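Trainee: Once you have looked at the hints, place chain B on chain A.
Protein chains in written order, with our numbering: chain A, 1 to 114; chain B, 115 to 1016.
No lab work stands behind these hints: they were computed from the structure.
Note that the coordinates shown come from a computational prediction; the quantities given were computed from them, not determined experimentally.
Do not rely on the hints blindly, as some may be mistaken.
[To be verified] Pairs of lysine-lysine, DSSO-like flavour, derived with a Cα cap of 27 Å: (1) B:684 to B:858; (2) A:17 to B:179; (3) B:877 to B:684; (4) B:831 to B:759; (5) A:74 to A:17; (6) B:825 to B:398; (7) B:171 to A:17; (8) B:179 to A:74; (9) B:171 to A:74; (10) B:717 to B:825; (11) B:321 to B:413; (12) B:759 to B:684.
[Said to hold, decoys possible] Counterexamples of contact, computed for chain B against chain A with all Cβ distances above 12 Å: (13) 191; (14) 203; (15) 264; (16) 384; (17) 435; (18) 457; (19) 760; (20) 773; (21) 933; (22) 969; (23) 990.
Using N, Cα and C, we set each Cβ at its ideal position, and we do this for glycine too.
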Amino acid sequence: MKESDVRQGTLALMVLKTLDVLGPLHGYGIARRIEQISGDLLTVNQGTLYPVLLRLVQEGSIVSEWGASENNRKARFYRLTRQGRKQLQAEARNWEQTAAIIGRFFAAKGPDLK
Amino acid sequence: MRGLRRLFQRLTWWWAAPARDEALLRDEIAQHIELQTAENLRAGLAPEEARRQALLKFGNVEAMKEIYRDQRGLPVMETLISDVRHAMRRMRRTPAFTVVVILTLALGIGANVAIFGVIDSILIRPLAFPHAEALISVWHTAPGVPSLAGGVGVTPSMYLTYAQQNRSFEQFGAWRSSGASLTGIAEPELPRALFVTYGVLDALGVKPLLGRWFSQADDTPGSAETVMLAYGYWQRRFGGDKSIVGRTLTINSTPHTVIGVMPEGFRFQHDPELILPERFDRSKQFLGPFSEQAIARLKPGVTLTQADADVARMVGIWLNDWPPNPGLSRTIFQSIRLGADLRPLKTEVVGDVGTALWVVMGTLGLVLLIACANVANLLLVRAEARHQELAIRAALGAGWRRIARELLVESTTLGVLGGAAGLGCAYVGLRLLAARGPDILPRLNEIGIDPLVLAFALGVSLLSCALFGVIPVLKFAGPRAGTALRDIGRTFSQGRDRHRARNTLVVAQLALALVLLISSGLMIRTFQQLHRVQAGFTHPEEVLILYSGIPPAITDPEQVMRTENDIMDKLAAIPGVASVGFGSVGPLQPYLGGRNPVYAEGKNPAEGQIPPLRQIRMIAPGYFQTLGTRIIAGREFTWDDLYGKHRVAMISENLAREWWGDARAALGKRIREGGPADPWREIVGVTQNIYDDGVQAAPPSLVYWPALMDKYIWGGKNGMAIAAGMFAIRSSRTGTPGLLAEAKQAIWSVNGRQPVYLITTLKELYDQSMARTSFTLLMLALAGGMALLLGIIGIYGVIGYLVSQRTREIGIRTALGAEPAGLLRMFVRQGLALAGVGAALGLAAAAGLTQLMASLLFGVTALDPVTYAAASALLIAAAVLASYLPARRAIAIDPVQALRSE
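Next comes chain B alone, as it looks inside the complex:
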């Protein structure tokens, strides 16, 4: 207790004016001695002697003061503070050095902290649901259908079975994302809607901010229509009006009562704006279609494997309980060979962005290493300049620990300042990223600096301190440092080993820089290769893409088509519009389109087998012309085909090759969708492949039907037309708000204010399809650039220092008649030697490390010789330049000056 109190006292006293205390102590001692002297005088001593005796009796004043001081405060802290103060003073005296070091560290640390912040919020932190670890998505494997390798979700009938029969789920529900039109307001729109069955919101466990959740009654077909709003949409569209609950909105042309608003922190896939109940009529369900996704909360203690077994059991029940869809047989569903494939919800939300992030983190770690090497080098130079002072202090008896501590304190101060500045950089970087980050990063809005990131920042700063701080200590404060006293004088040329540490650091820097240059080079090559791919359309920046529909009152397919035809004509009449296309789905939006098995006449699959799924598009004339897709063989659909209800089809080139070996051979052949319920349609045209899944993936095989058909497997009695779809407008005015406004007016003049949605340009879709590559490229290019810059600064520093150290030698050489060109060559050769060794090591390291990023590359191998050669050449050229500049200073040395300066 007393000890504690004392420690506390010492802690507080250690701040309080030590100078005043010192004066008081001095007074107290003087007083003491005076009193003793007086006493001695009274005892009869002579004044001189009396004072001398008093002093003797008191003992060593300074020693006592020392003890007093040590007891008074915390001596360890005090020396530390004074060391820090010294370090700061030295740093202030050399502002250029300090700024360079702190900036270098700030960049290195900041970049790492920022990327760690991203990784933390995307990969490490759990999803923002209570007990998110128990949330899983329910998928199925489908080994019977290779084209479904990504997994299949659930069918409505499956949901009904699973909800009743499961033994491992606490809650279970099915959902699907879609759009839902909101009309009857100033500007009709199509917010992103999440359709959920009972169980989805309960599984997520996020309570509504206002109102209530869906109850089981909301799911029942025929009950009152209800809707919930997401927080953002409620704020944006209704200004956060609390009286919204109970109001009626016209959604998909039907009045819906608002029953609740979700809280701000609620997030779900595809960022829904409206949440609507999904209603399945039990009596009208078949085995298919796989239209839903499912989510479940595992019962406590149930493992993923147990739940998998449970689902596998229920697949059997489901297959027996429900009838197959008309025109399909139960055998077909059995041949899919469905198996359970449950995945943690987080895996699904995060997706495949992990690799790219870890690669970026790795490269930024290398940048930090380079930065540390650079700082270590700078510190070495400084320590070298203080070499004499340190040696003298060591010779006078300063313990090497004391000197080491001083050097470490200096580097730690720099490290902490650099770390703080880095944290600032990271904060700004993360803000920027969260504000305008690429779409490929999920959970972007959750990005921020949390305690883990702070801890990481501190850890990284201290680790860097250790990295760059230890080297000068080993060199100058080691137990043998005192022996360095003999070569203090500048009269001696420097020993070879004096440069070894600095050279090693520079070589390491250059090697790491080369690794980064090569990785960014590989990404640049990947980017080039991606751009070289003929994606299946031309001048995407000219193509405006938007979706709209026709009023639900129009049901007759031909009437639907004529209305859409009117819209196309109106759009085509807008000044500056070159052509207009219409189809069910635009390019590069495969997630909006459907996939179905397609049969070719005379190419029967094995009994009970399903042919591969193909992407299906319904299109009107002008679709390919507007997108700029070449027709390889045959012709495009005509209006005659549509209104004449000709049974025609078009396919993509790869499908034609797959079936008939050649595009021309496909013409005149017949195909149909789904099964015998669909009529055969004759192929009239074969088009260029469209890289619908992004240019990085193989182009999918595409089948095009006319947008108006008299008979279609999924259509009604009167045939089939698509009630809503994509309008593509090619115009030189694309990208201007004027064109968009005119296009909207044109559409609304025909369809009576149906929402216009998913507005974008083909160029944007194209860029998005390469977003992951561009993001990685940008990050790696930044890292590579930083690394090269740091490496060059490093080599510049080393050669510059060599020149300044050898001024005298150069003077002598010049005086003896050395050629300036020879001197220049000598220094450049040294730089080149360092760069050569660095490049050799870097090439070896890159050959190993770039394998890690193989999955990010396209059209180029991880050992691409062109990239390796170009990066090495760049590095060596930069190194030569960085050596040449300081070397020029050497030949400018006046020998007389150089010799006299000793």
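The following block holds chain A by itself, in its conformation from the complex:
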């Protein structure tokens, strides 16, 4: 797996979670939210978000609609679909399991590993 794939996967999951929590958002909104939550941990270029959004649209996890932004301009809003929600749940579970396993692994003392 290439590094970018990992990052794209993580980013996709964050996008899905953001839309799940906040409802329909435009690209900038999603970027801001991810930034706020993850702090500087994910100092991604905001631009890399858009290919991820495209990919999610192609996969049918989110759909885009046109709406008005806060500065009253036409903007593209992304909304989670039912399939996206299912995907989020599945991946979140997956993620938690992985995190738990990794956590236990690192918590284990030297002798346990032998």
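Mentor: Quick look at chain B alone, frame taken from chain A:
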């Protein structure tokens, strides 16, 4: 699942307006940056700085767009499409080049696809019967009688034995093709009839379209007479009338009830129009005669070898079970030493046309190779013109793969277009062939383009692309292409190796062209030799041939002969008719005649041996005069001979030589047919040989009896006359419908509307006998002509290109005082050198390859020096001309212009 959906999305999006999407993305990015800027402003940054920070935060817009685009559609497809679009644009800009390339390929590919279509439908596709692979024809070998080397069929008694005793056939039946007169209708006729025993149609397994098949009862002598119609005849004669089943037709003067119609796709040997039951009276059968052919469907799992053994076993049973024919002994039948010779039905239907077809396919393959070489050369020229551009692109970092792909895309586009055009050509060609193809091609009506042919067309197109596309790639997009940058300028004269590829291609082209020229030359020589053969008749175009008979009510032989004599007199009275002949069978129609052993007095064969079979003809006076056959010794029959029942005979020259060494020596000798049952007849005349089996084969030995005889081995008590036969009419009006109509009226005025059939001219029969040679000749001549043309275009192109590349050098040479004639010689010499090398290679290749067509040649060897010399001379002359024309441009160059053009 999601991946699939995504791929589908990408596929569909890749069509949908990419320009609009691009604009939307741009808007979205602008919006994003604007919002971020606003945010930054609220955070207290100066407007300038706020925007700068926003842009920084967003990152590289173009890089992101690139990723976005790649994800959006299918980048591989997109570059491919854009490459194709580029290629098309370049092709549109040089229409002459494009048209030449596509036409060249279309001809080359089209010819190959067409001939493959023919080969596919004739040789590859199974016959149009269910499980056709299990169908076999039952033949026998006859090593005891050398003249029966082609094999013998079955006798009626054999059919009866085999049908009962066989262990390996699912179905078995005997058949024979003949004519059957259909009278009692406006124009009496003699449709082609197939006589079948029970079992033939079942073996073929084709169900009737209307009505029923023959049952075993239809075979029983004495039961009601029945007939089936073939689809074509039913349509043509009865307009596809469905109520035909149950109607009664008068066939061979007996009423027959129509019981069924065969479907459209039903095909059989000799293309029958009527199918009639063959009825054998078990109580009246002897061992002979071998009048039938037999067909069988093998039981599942039975091999040809097993079936052969089965038949060999049954031959023994048959020899014991049946009495020999009167006048013949069982020993004679034993001495034939019959053995089994089962053949797949397809082999028999296809016949010996395979060699000719494969030779034609081979030559057309060579034409395609030449066409590819030509196209490769043209592409090289173009790539050379783009040399500078390609080198610069390589230097700027374009990967050689990318450039190679572009070149390949261009050649593939040309190849696919050429292939499509070729498929069109092939379709038209096959239509033409199916409509008016030569008789030598069996299964013509099955010819068409099926998936296999389409696959072949695609394969051939792609293969050609690979052939001609790879060469420019190797030359200009190889990993070292970048180094070519240094010799971009036209200031440098061109390196020798730059021409090597082009020269090699031209030499190969010329060599292949020479091979084809030589093969077509050999066919032309064959054709000449065939025409030089004295076929045994003169001015065949003047001789109208037709068959008719006398009413079946007339049975007395003398009465039969007098009626036929009346018809001859009526025919002779038609204005413009020079002479009329009558006989059992005309020339070049050996399949209509019979063969029997003939004995010569004092030349007894070994005990129990059968003398060789001879073609037998019964003729009336005027036969030879009308055909134009010379009498070598003695005289022709007279009416006195016939009505006086003189026991006389005539033989062909080769038979006279065989028996007595000389034509004159044969006069007065006596011969007879079959055995002691036949009286001795005295030879009164010896005729020129008639090439009855076609001029390509040795003339058969012929024996002529009078058309009226008082005693004959196969005749009745009152003697023998032929009830139906051939009338030959020599007239300057032959070929006009008027003569035919008058001839028919003359015949009908005497015989009361008996059918007139097998209408043709001697010329047509003669042409048909050479049809295979003419077909091969035509195909090879076309291929040879195309090859020569392509080869010449190739050499013209090379020399023309050389001249244009060396304009500056020529200018300098002229300025320094070079003679125009010297310059001309220089270029022509180069062309000649190429042609010389090509011719040498071509001669060597031809010497090997033409051996493959040896079986098609006649009167000329595959290494005929005249043909080889003439073809080489033609090639070299053409090459000189093709070099001279562009070279003339060189000497027209004005040195001042040439030097200034740098």
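Trainee: Look at each hint and say if it fits the structure.
Mentor: Status of each hint after checking the structure:
1. B:684 to B:858: 10 Å, holds
2. A:17 to B:179: 25 Å, holds
3. B:877 to B:684: Satisfied, since the Cα-Cα distance of roughly 24 Å is no more than 27 Å.
4. B:831 to B:759: 14 Å, holds
5. A:74 to A:17: 24 Å, holds
6. B:825 to B:398: OK: residue 825 of chain B and residue 398 of chain B at ~22 Å, within 27 Å.
7. B:171 to A:17: It holds: about 22 Å lies between the C-alpha atoms, which stays within 27 Å.
8. B:179 to A:74: 20 Å, holds
9. B:171 to A:74: 22 Å, holds
10. B:717 to B:825: 22 Å, holds
11. B:321 to B:413: Judged against 27 Å, a Cα distance of about 19 Å means the pair holds.
12. B:759 to B:684: Holds, at about 24 Å.
13. 191: 15 Å, holds
14. 203: Holds: least Cβ distance 30 Å, greater than 12 Å.
15. 264: Nearest chain A Cβ is 72 Å from residue 264 of chain B, so the label holds.
16. 384: Holds, since 66 Å exceeds 12 Å.
17. 435: 83 Å, holds
18. 457: Holds, since 63 Å exceeds 12 Å.
19. 760: Nearest chain A Cβ is 103 Å from residue 760 of chain B, so the label holds.
20. 773: 94 Å, holds
21. 933: Residue 933 of chain B clear of chain A: closest Cβ-Cβ about 71 Å, beyond 12 Å.
22. 969: 65 Å, holds
23. 990: Non-interface label on residue 990 of chain B holds, nearest chain A Cβ at 64 Å vs cutoff 12 Å.
Violation of the numbered hints given earlier is absent; every hint is satisfied by the structure.
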